[in-house]
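Novice: Sequence:
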Amino acid sequence: MNKPLAGKVAIVTGAAGGIGAATAAMFVRKGAKVVLADIDEAGLARAASAISDRDAIRSIRCDVTSVSDMEAAVKLATGAFGGMDAAILNAGIEGDVTPLEDLTVAAFEKVMSVSVTGGFVGLKTCFPALKARGGGTLLMTSSTSGKIGAGGLAPYTAAKHGLIGLMRAAALEGAPFNIRVNTVNPCPVETRMMRALEKGFSPDDSEAMRRALVEAIPLKRYAEPDDVAEMFAFLSSDAARFATGGVYMIDGGMLAGLVRA
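Position 237 of the sequence shown, counted from 1, bears residue number 1014 in the working numbering, the numbering being contiguous throughout.
Just so you know, these hints were derived from the structure itself, not from any lab. Please read these numbers as outputs of a predicted model, since none were measured by experiment. Where a beta carbon is used, it is the ideal one built from N, C-alpha and C, also for glycine. Watch out, some of these pointers could steer you wrong.
[What the hints assert, rightly or not] Below are the DSS-like pairs computed for lysine-lysine, each with C-alpha atoms no more than 30 Å apart in a straight line:
no., residue 1, residue 2
1, K887, K976
2, K780, K901
3, K976, K997
4, K852, K908
5, K852, K901
6, K807, K908
7, K807, K780
8, K852, K780
9, K908, K780
10, K807, K852
11, K997, K807
12, K807, K901
13, K852, K887
14, K887, K901
[Claimed, not checked] Derived DEER-like restraints, expressed as beta-carbon distance ranges:
no., residue 1, residue 2, range
15, D879, D817, 22 to 30 Å
16, R838, A783, 24 to 32 Å
17, G859, G1034, 22 to 30 Å
18, G942, S845, 31 to 39 Å
19, E878, K852, 38 to 46 Å
20, A1020, K852, 22 to 30 Å
21, G859, G926, 26 to 34 Å
22, G942, D817, 24 to 32 Å
23, K976, D832, 38 to 46 Å
24, P995, A1020, 23 to 31 Å
25, A1016, D879, 28 to 36 Å
26, P905, D982, 46 to 54 Å
27, R1018, R831, 26 to 34 Å
Based on the sequences and whatever the hints tell you, model everything.
Specialist: Here's what the structure looks like:
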């Protein structure tokens, strides 16, 4: 198998399941050493156990909104593997499907904290290690909801839009140090999160919601976690050495007819 990430060291947050677990496993298959980070220790153990090359991974419980937790993840990567080349800042939560007028401030802030504050903390704590390495890449999981609105999901929509702005600022700050920063924006993905959202939007017939979402995707299916992981792997490789400040859609064409810029 081609090993485009051979010699690279990455941190993956939100690694306990879904996109994060798939990304960690794919990075190892492509030659990288990986630190899996998540607040869900049981899920983290399951994700790690699915990776056969145990010497290529380390795991750490990590609250991505905590500077000290993220610093510990970076220290683990640099201590165990000699440096750090990439971070996939993937942790996030969807929140409940709730009309704006019924949404509590606490519920709004919880979603924003994990995604946006967590993204900021990830950038802040990873920058020094990447500077010491002579450069690297930072990738953030946004969404198609970072480009369009989603009624009933105000916090999630705001968070995913916010990550794009945060990424653009970080890309400009990182460029003098050869640190590349981008977002990856998936459409619905075959994960637990989407099962919850289908149920939230259509409690009596979640399959009808799924069919409607699939119909809105020109390629007529949800993305698989590995589809998103492949984009992360490409953007972390040397083949993407000139790619920074970008919003990379992985949406099966979903926004092709909706967004003009």
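Novice: Taking the CB of D879 and the CB of D817, does the distance hold inside 22 to 30 Å?
Specialist: At 28 Å between Cβs, range holds.
Novice: Given the proposed pairing of K997 with K807, does the C-alpha separation stay at or below 30 Å?
Specialist: holds (28 Å)
Novice: Is 24 to 32 Å right for how far apart the beta carbons of R838 and A783 are?
Specialist: holds (28 Å)
Novice: Do the beta carbons of P995 and A1020 sit within 23 to 31 Å of each other?
Specialist: holds (24 Å)
Novice: Check the following: the C-beta atoms of G859 and G926 are separated by a distance inside 26 to 34 Å.
Specialist: violated (44 Å)
Novice: In this structure, is the beta-carbon distance linking G859 and G1034 contained in 22 to 30 Å?
Specialist: Since G859 and G1034 have Cβ atoms about 47 Å apart, the given range 22 to 30 Å is violated.
Novice: CB of P905 to CB of D982, is that within 46 to 54 Å?
Specialist: holds (50 Å)
Novice: Does K901 lie within 30 Å of K887 when you go C-alpha to C-alpha?
Specialist: holds (20 Å)
Novice: Taking only the CA atoms, is the gap from K852 to K908 under or equal to 30 Å?
Specialist: It holds: about 14 Å lies between the C-alpha atoms, which stays within 30 Å.
Novice: Would you mind confirming whether the straight-line C-alpha gap from K852 to K887 stays at or under 30 Å?
Specialist: Status holds; Cα separation ~27 Å.
Novice: Given the proposed pairing of K807 with K908, does the C-alpha separation stay at or below 30 Å?
Specialist: holds (24 Å)
Novice: I want to verify a distance hint. Is the separation of the beta carbons of A1016 and D879 within 28 to 36 Å?
Specialist: violated (46 Å)
Consistency with the previously given hints fails for numbers 17, 18, 21 and 25, ordered from lowest to highest.
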